[in-house]
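Trainee: Single-letter residue listing:
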Amino acid sequence: MGKTLAEKVWDAHVVRSAEGEPDLLYIDLHLVHEVTSPQAFDGLRNSGRKVRRPDLTLITEDHNVPTLDVAKPIADPVSAEQIRVVRENAKEFGLRIFSLGDAEQGIVHVVGPQLGLTQPGMTIVCGDSHTSTHGAFGALAFGIGTSEVEHVLATQTLPLKPFKTMAITVNGKLPADVTAKDLILAIIAKIGTGGGQGYVLEYRGEAIRGLSMEGRMTMCNMSIEAGARAGMIAPDETTFEYIKGRDHAPTGADWDAAVEYWSTLTTDSDAKFDAEVIIDATTLAPFVTWGTNPGQGLPLSASIPSPSDAKDEVEKVAIERALEYMGLTPGTPLKEVKVDNVFVGSCTNGRIEDLRAAASVLKGNKVASTVEMWVVPGSGRVRIQAELEGLDKIFTDAGAQWRFAGCSACLAMNPDKIPSGKRAASTSNRNFEGRQGPGARTHLVSPEVAAATAILGHLASPADLVNA
Amino acid sequence: MEKFLTHTGIAAPLRRSNVDTDQIVPAEYLKRVTRSGFGDGCFASWRKDPDFVLNNPGFADSSVLVAGPDFGTGSSREHAVWALQDYGFKAVISSRFADIFRGNSGKGGLLAGEVSQDVIEKIWEKLEANPGTQVTVDLDKRTVTCEDIVAEFLIDDYVRWRLMEGLDDIGLTMKHVTTIDEFEKTRPAFKPKVQ
Chain A
1 MGKTLAEKVW DAHVVRSAEG EPDLLYIDLH LVHEVTSPQA FDGLRNSGRK VRRPDLTLIT
61 EDHNVPTLDV AKPIADPVSA EQIRVVRENA KEFGLRIFSL GDAEQGIVHV VGPQLGLTQP
121 GMTIVCGDSH TSTHGAFGAL AFGIGTSEVE HVLATQTLPL KPFKTMAITV NGKLPADVTA
181 KDLILAIIAK IGTGGGQGYV LEYRGEAIRG LSMEGRMTMC NMSIEAGARA GMIAPDETTF
241 EYIKGRDHAP TGADWDAAVE YWSTLTTDSD AKFDAEVIID ATTLAPFVTW GTNPGQGLPL
301 SASIPSPSDA KDEVEKVAIE RALEYMGLTP GTPLKEVKVD NVFVGSCTNG RIEDLRAAAS
361 VLKGNKVAST VEMWVVPGSG RVRIQAELEG LDKIFTDAGA QWRFAGCSAC LAMNPDKIPS
421 GKRAASTSNR NFEGRQGPGA RTHLVSPEVA AATAILGHLA SPADLVNA
Chain B
1 MEKFLTHTGI AAPLRRSNVD TDQIVPAEYL KRVTRSGFGD GCFASWRKDP DFVLNNPGFA
61 DSSVLVAGPD FGTGSSREHA VWALQDYGFK AVISSRFADI FRGNSGKGGL LAGEVSQDVI
121 EKIWEKLEAN PGTQVTVDLD KRTVTCEDIV AEFLIDDYVR WRLMEGLDDI GLTMKHVTTI
181 DEFEKTRPAF KPKVQ
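Line by line, the protein sequences are chains A and B. Everything in the first sequence is counted per the numbering used here, starting at 1 for the first residue and increasing by one. Everything in the second sequence is counted per the numbering used here, starting at 1 for the first residue and increasing by one.
A portion of the hints provided could be inaccurate.
[What the hints assert, rightly or not] Just a few of them, taken from the derived set where beta-carbon distance is under 10 Å, the chain A residues facing chain B:
(1) L115
(2) N293
(3) L465
(4) V466
To be clear, the hints were calculated from the coordinates, so they are not data collected in a lab. All C-beta atoms in this analysis are idealised placements derived from N, C-alpha and C, irrespective of residue type, glycine included.
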């Protein structure tokens, strides 16, 4: 029987396999950031261990860094301490680090792909659940905890049981106004936040083939929101084209050898998935979340659901709780929900295409006077590219704030917090209670919907601007 | 790591599904660089609500948490496990765990046992009827016992063995360092390096 893409990549990395024990899996690239690493480095120090492969380990500062006044010392002393510690760890263990002020600094999952470090067939880990992003290249990439960060630093391996595989086949073409973000939000709403648990998802089908690399990254990024450990997309010409010429891309004979190998990384026609989900792309529309978990989403044309729509008691309680936290009334059309803040950025939608998409909607328009909008590029390079294209000017002319790179309001570890009780349309990945600041209310949206919402002051798609 | 064989203690009914790791420990508490002292961050936001279950004096000294489905979703932060442990929890019983959280629990020595939602509902009723009721979690027998309810829980065989032996993963892997050396020699030349 043939193998799935995930099985092929897994099998190519098994260092050791024994009955009754997890496989020992080799890790090709270990990405590290300041938040989930200090205790791991401490563990190494306490046991007198070194980093086995500094050449396969890369650190970037992202979660905690401010996005304004980046040249000044970090104001929050606790954040400043965490940044100080990660820099010292990099120095002590001989690791490459992209610090605040470096053009390469940025969100770990934006940095890897843009440098060409993320390539098909690799195993990639990071102490961050959104490591699933890198699966867009046909890599097996997943988030790990701090104990595992220490394990990879010390051994460049991880003991793991194989994941199950799930095919998510998206047939047909996406309608013109439907983005990768809408598609992944619709998939999560369909299979639920636990639907992917234990699985690696492989996104397949015509609609996936038609996505750009950045759209594919948005899809794979949010696999974790469906409960999956990883998401993958088989590499193709779009993938090779994206990698070619980047700083760490193979060159010459290595490039030819790499492409030859990468081309084998597709699921065999006789391979069996443990589960399959089929989606019809042609029926989809712009999608937003209304509740406090990413599975609580609906088409933008729908209305706020009622607890009486629930299929069981657990869901009923969850809907009641979400409505209370979000301050919403059942039956209200989503397009009538007024928004105070708009955030464009994050490892889900902080890449150059996302900024272009938001800018194309904002161009010639103004952000509503009742709305505060922040645009936070995913990396220093994205910021520079956006400025070369004049996107920063479009944002600031419209009245939005143009900031420096980092995770920012996605998880509000830095000063970028949505105030308590305020409602945000956010291109990030999680609408949990308090995720964007204590008491903040989050609606997850695409960059296009974020921009249209900023202009109209309520949840809206670009089509609503024409009708307005 | 301390060995885990069996534990008996007061159990708290957390009548919620999708308890994500942002609720277990908000991001604000993740700025610390130490491995301990996260107890104050445990459910920090929910504990501000006087009606939250852990604010009921009967449940204040709980060491077993009984939660609804999809416990530990979201962020990979191992701080969630540390916060639960620092608060005093030895075990979490749920009808479904998020993968990364379950993995992190095993690493940190917090038992994550899975039972059906039916069993969870029955235990919730007992605990809510009599706050302070004790529950026994027996890892050897893989059972959770609450008064007359005795239910088997699911836990990975290998994780169970490690928890019962109190073993550290890195030490186990280091025994195979020559196998890792050999594997590294077979890696293709085109694989990228960061420096």
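Trainee: Give a verdict on every hint.
Mentor: Right, here's what the structure says about each hint:
{"no.": "1", "hint": "L115", "verdict": "8 Å, holds"}
{"no.": "2", "hint": "N293", "verdict": "5 Å, holds"}
{"no.": "3", "hint": "L465", "verdict": "33 Å, violated"}
{"no.": "4", "hint": "V466", "verdict": "37 Å, violated"}
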